[in-house]
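Q: Each chain, letter by letter, is given below.
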Amino acid sequence: MANAASAPIDIDTPPAALEGLRVLDLSGAMGNYCGKMFADMGADVILVEPPRGTRLRFEPPFLGDVAGSERSLAYAYHNTSKRGVTLNLDTTDGQHLLRKLVATADLVIETEKPGVMQARGLGYKALSDIRPGVVVVSITPFGQSGPYAQYESEDLIGLALGGLLYLGGYPDAAPTRVYGNQAYLCASIYGAVGALLAVLEAESSGTGQHVDVSMQECVVLALENAVQFYDLEGTVRKRYTGEQRFAGTGSFECKDGYVYLMAGGIGANMFWARSVDWLSDEKIPGVERLRGEEWTKVDFLKSNEAKQYFREMFVPWSKTKTKAYLYHEGQRRHIPIAAINAPVDLLDNKQLQHRKHFVEVMHHLRDKPMVMPGAPYKLSETPWCIQRPAPRLGEHNAEIYAECGVNSADLQRLASAGVV
Amino acid sequence: MEKALLAGVRVIDFSWIGAGSYATKILADLGADVIKIESSTRLDSLRMAAPYKDGKPGVNRSGYFADRNTSKRSVTINMKHPRAFGLIKQLIMQSDIVANNFTPGVMDKFGLGYPAVRAMKPEIIYLAMSMQGAEGPERGYLGYGANIIALTALQHLTGLPGREPAGTGTNYPDHVPNPCHAAFAVLAALRHRRRKGKGQYIDLAQVEPTVALLGPTMLDLTVNGRNHECNGNEHPWAAPHGVYPCAGDDRWIAITAMSDAHWTALMATLGTPAWSAEPRWETIAGRYRDRVELDLLLGGVTGKWQAEILMNELQARHVPAGVVSTAEDVIKHDPQLAHRGHWVRLQHAEMGEAIYNAPPFRFSRTRVGLKSPAPLLGEHTREVCAELLGLNDQDVDELIAQEVLK
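Going down the list, the protein sequences come from chains A and B.
Everything in the first sequence is counted per this note's numbering, starting at 1 for the first residue and increasing by one.
Everything in the second sequence is counted per this note's numbering, starting at 1001 for the first residue and increasing by one.
In case anyone wonders, no lab produced these hints; they're calculated from the structure.
Just so you know, not all the hints are guaranteed correct.
[To be verified] Straight-line distance between alpha carbons at most 25 Å, and here's what the computed DMTMM-like set of lysine to aspartate or glutamate pairs gives:
hint	chain 1	residue 1	chain 2	residue 2
1	B	Lys1332	A	Glu253
2	B	Lys1003	B	Glu1164
3	A	Lys238	A	Asp256
4	A	Lys255	A	Glu243
5	A	Lys319	B	Glu1164
6	A	Lys307	A	Glu233
7	A	Lys113	B	Glu1313
8	A	Lys302	B	Glu1229
9	B	Lys1304	B	Asp1290
10	B	Lys1196	A	Asp12
11	A	Lys297	B	Glu1350
12	B	Lys1371	B	Asp1395
13	A	Lys350	A	Glu253
14	A	Lys356	B	Glu1135
15	B	Lys1080	B	Glu1350
16	A	Lys321	B	Glu1387
17	A	Lys255	B	Glu1164
18	A	Lys319	B	Glu1229
19	B	Lys1406	B	Glu1387
20	B	Lys1003	A	Glu152
21	B	Lys1304	A	Asp172
22	B	Lys1304	A	Glu152
23	A	Lys113	A	Glu152
24	B	Lys1332	A	Asp12
25	A	Lys113	B	Glu1308
26	B	Lys1003	A	Glu203
27	B	Lys1056	A	Glu233
All chains, full assembly: derive it from the sequences and hints.
A: Spelled out as structure tokens, the structure:
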């Protein structure tokens, strides 16, 4: 488990891939994960929040289900490894202080509506005048210009206009969105890739640039082959939950939930024979028909007849087996089958436990650490590592503003003026 | 013109099908020289997955394959042939990154596991993207994005209560979570190598990035003991927040009223229906409490509207709203994606003009553009053999005759 208490840095600590980079994270829900990616890989990421706190502080879930600016678990997760300052960017003094911070920054992450940063005198051009090497990544719903640039958005709107919402859900109900702010997160992680590309280039050329990320476009990249189906075959892909995509490919009920089976794989059919052998070993009545020549043809696998036959043969048996049995036995036979896990199943998962995926992170309002998802990748030389818990509101004001030459008397004046 | 962001970076790419190919597509579209190692003896099975140009199957006709493999070069080498290893080794010696998304063990069988590759070239960055990672009891398990979304709990969390879990209807982890995390890790490793001269091994278990995107939900479980279940299009506190029918066949609009101002403007746009005067709708708390009933009432009045007109009317009053776009809509009718030049049409030798996704970001100073459409199977075998292996046409003919280059 990662030790994320604020212990002094051990001299044996491995190097971090992004050490020496300073990042100002001015963003909210659409960009905080982007900042986390930099921070957990060793960059010095400073979360710059309005004096009352960033919007994510007011989003559930809350510690103990009690709302409060220090209690949001969404905030706590998306801001690990960062330091934090408060700053009112709508005041002249606040803008002045941000310029001082930018003078030492390699990357600024912002998610304001297009035009807002310019109106504050903090647009890309102004910031690059202070520090030519700085990269600014602007993550917005639709991008910096264009007919929708000023449109309002939430996660659900991004999923809708990005086309992913239409593909999700049941044919007999309204399209159903993917859970968990995935449009925001797609924007955040593509934003991180774009930002790091520009930072690497700036480190060699000495010149930064403005990276313009559109959440809508990021969601469009998740449409799989729906766009190509329309372009090449003129067909519009629709939502199909409850139906098999091909016979043997889909969700199937079992004793304690569901499994997702892809008996035929994608475009490959070595899995089909293995699947049939398995079901044959299990002595399921009617399985031998699956060995017929027609089951190697995509058109037949897409037919209602094939799908219905497979379901009527498979489900009476699968309903007598647990998802764990089906998962492990199918996988033992190298068949692509998975348990449809609930969150609680992940904590018991032997593979994630073996990989020490979940990590412990302290929270100042708890006496024991919180357990949260950990490394999304394991790098042998520069491992992912949580440096510290998410900052309390204004936690690092004194230390960071002192670096900018603000003395404690000035800081007090700025605080009483509502700037910090 | 400024040079491409990843100009001078070379990738020897063994990845196939979904997430691996999409990860190296990001690198290729940004200027890296990605050499896709393929073989007609063991096809990237996506080459044989629909849709096909004009519906006709063929190894060079799949749009599913094409979009994931833009800007790459394809070399066919039969890795099972004893002479393949020497050729691959020479390619690796001239490269920066080796990528694969096989289950653990496959690359070792080729003599190309990380220890072997590191021994040939210590500064190599080695990206391995198996489903479950390099070690652990389930390391040999395999699957596609649709299996991975099931394992991560994202599928369980998506859908309507009491019904079969819906998921995204796609192999979602393949398309954004895994490729983006992989690309970020590779770029971070490139930076480390530039600064310290050291390569490294990246073990990306394709289950883990999507789990990492569920942090708040997992914390609600580990801290508060709450096991989330799916809840359709509901928001944790705002209502109305959902998808409502519009005029036409299977047309819908997404509307999210996050404040009283949004609610007032929404009702004004819809002509202030009589039911909206009830006091219980005046506060977010009231709207949220009776959200199921509210959704039905709202759906009763949106149905007369064309989705796009209603979106524009609502947006003019600053209410978050968006057409639930189909694939046809995003290609043909969305003015914003058109403005950004998202869709790129490239001439492909067998498919003719076909559509491709551009990366979702624009750089103010460096141009990003797809270099080329997806390669034909083995299209660049001769070119790469000449350029990087110093082989002339006669050498290549011989290797083809011996079924090494196949």
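Q: Each hint needs a verdict: does it hold in this structure or not?
A: Outcome of the hint check:
no., hint, result
1, Lys1332/B x Glu253/A, "violated, 39 Å"
2, Lys1003/B x Glu1164/B, "violated, 50 Å"
3, Lys238/A x Asp256/A, "violated, 29 Å"
4, Lys255/A x Glu243/A, "holds, 19 Å"
5, Lys319/A x Glu1164/B, "holds, 14 Å"
6, Lys307/A x Glu233/A, "holds, 23 Å"
7, Lys113/A x Glu1313/B, "holds, 19 Å"
8, Lys302/A x Glu1229/B, "violated, 31 Å"
9, Lys1304/B x Asp1290/B, "holds, 23 Å"
10, Lys1196/B x Asp12/A, "holds, 17 Å"
11, Lys297/A x Glu1350/B, "holds, 24 Å"
12, Lys1371/B x Asp1395/B, "violated, 28 Å"
13, Lys350/A x Glu253/A, "holds, 23 Å"
14, Lys356/A x Glu1135/B, "holds, 11 Å"
15, Lys1080/B x Glu1350/B, "violated, 29 Å"
16, Lys321/A x Glu1387/B, "violated, 56 Å"
17, Lys255/A x Glu1164/B, "holds, 14 Å"
18, Lys319/A x Glu1229/B, "holds, 21 Å"
19, Lys1406/B x Glu1387/B, "holds, 18 Å"
20, Lys1003/B x Glu152/A, "violated, 35 Å"
21, Lys1304/B x Asp172/A, "holds, 20 Å"
22, Lys1304/B x Glu152/A, "holds, 23 Å"
23, Lys113/A x Glu152/A, "holds, 9 Å"
24, Lys1332/B x Asp12/A, "violated, 56 Å"
25, Lys113/A x Glu1308/B, "holds, 22 Å"
26, Lys1003/B x Glu203/A, "holds, 15 Å"
27, Lys1056/B x Glu233/A, "holds, 9 Å"
The structure is inconsistent with the numbered hints 1, 2, 3, 8, 12, 15, 16, 20 and 24, although it conforms to all the rest.
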